[in-house]
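Asker: Numbers 10 to 254, taken from the numbering used here, label the letters of the sequence shown in order.
Not one of these hints is a red herring.
No farther apart than 30 Å at their CA atoms in a straight line, the calculated lysine-lysine pairs in the DSSO-like style are these:
#	residue 1	residue 2
1	K207	K248
2	K116	K207
3	K115	K244
4	K117	K207
5	K115	K199
6	K116	K199
7	K244	K116
8	K207	K244
9	K244	K117
10	K117	K199
11	K244	K199
12	K207	K115
Simulated restraints on C-beta separations:
#	residue 1	residue 2	range
13	F174	E227	17 to 25 Å
14	P127	D155	26 to 34 Å
15	A123	R240	25 to 33 Å
16	A108	I177	24 to 32 Å
17	A123	R192	19 to 27 Å
18	A213	I126	32 to 40 Å
19	M157	A131	22 to 30 Å
20	A112	D223	16 to 24 Å
Rather than coming from a laboratory, the hints here were simulated on the basis of the structure.
The C-beta atom is built at its ideal place from N, Cα and C for all residues, glycine as well.
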Amino acid sequence: MAVSNAALVSSLRSLSLPNSRCTLGPSRALNVPARPRTQAFVPSRAKSTKAKTDPAASSAASSDTAMASNGPASGAPGRSTSTKKSPVTSEQQETLPWAEYLAIRKKKRRWETAMTIPLTIAGFAGGVAYFGNLDVDPTKPIFNVDPMFVYGFATLGCGGLGYLFGPIVGSTFWRITHRRTMRLIEERDKQFHHHIVKNRVDPAAQSATNPVPDYYGERIGSLHDYRQWLRDQSKFRRKAFLPED
Numbered sequence: 010m011a012v013s014n015a016a017l018v019s020s021l022r023s024l025s026l027p028n029s030r031c032t033l034g035p036s037r038a039l040n041v042p043a044r045p046r047t048q049a050f051v052p053s054r055a056k057s058t059k060a061k062t063d064p065a066a067s068s069a070a071s072s073d074t075a076m077a078s079n080g081p082a083s084g085a086p087g088r089s090t091s092t093k094k095s096p097v098t099s100e101q102q103e104t105l106p107w108a109e110y111l112a113i114r115k116k117k118r119r120w121e122t123a124m125t126i127p128l129t130i131a132g133f134a135g136g137v138a139y140f141g142n143l144d145v146d147p148t149k150p151i152f153n154v155d156p157m158f159v160y161g162f163a164t165l166g167c168g169g170l171g172y173l174f175g176p177i178v179g180s181t182f183w184r185i186t187h188r189r190t191m192r193l194i195e196e197r198d199k200q201f202h203h204h205i206v207k208n209r210v211d212p213a214a215q216s217a218t219n220p221v222p223d224y225y226g227e228r229i230g231s232l233h234d235y236r237q238w239l240r241d242q243s244k245f246r247r248k249a250f251l252p253e254d
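Sequences and hints are given; from them, build the entire structure.
Answerer: Here it is in structure tokens:
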């Protein structure tokens with residue numbers, strides 16, 4: 010039995026030496042299980058690979074959510090057009106170009122002139138029709154004045170009232186036709202008045218040979234007219250304050 014056990018141990022040593030690569034005793038040579046270690050190492054690799062792939066998956070998920078959040082603003086045609094058009098419409102509602110404003114201002118002046126002429130004629134004609142049919146008695150003066158002169162001045166006064174009410178009526182009709190953009194026009198009116206007050210000359214320096222050129226800027230109806238108005242103001246300053254040669 011002792012010989013058989015010794016032969017068995019020597020055969021086991023010869024079989025375990027190439028695989029173990031170490032000189033172990035007979036008891037330790039039998040306890041070299043390689044597979045359990047590889048089986049314990051494989052799950053750790055699987056865990057490590059999962060741990061490495063989780064940030065990529067999370068980043069991919071975050072990028073997907075970001076694209077989903079940005080998608081309706083950039084990809085959907087209905088919403089993208091609304092977001093692109095809304096700033097344009099808001100700017101159009103909040104501002105009025107100077108060229109368009111000056112053209113509207115010129116049309117307003119035409120409206121006032123167009124209503125002033127017929128109302129002046131109508132007022133004068135009404136005065137003539139009324140005071141011309143009154144009986145005139147030279148023996149009964151009015152405020153110690155001959156009635157003919159009183160009725161004549163009253164007739165001219167009726168024409169003057171028509172001349173005064175003409176711009177008011179024309180401006181009223183003009184405001185009715187531009188009631189949608191009236192707020193923008195009023196804002197431009199304030200800015201335009203500020204520019205006129207800032208750039209116009211001092212009327213105290215005027216003279217008979219150097220009158221003030223369009224003090225209120227009433228004849229400005231375009232950008233070209235405004236530039237010409239500025240040149241007239243500078244010309245007045247040079248002529249008024251610089252010595253003549």
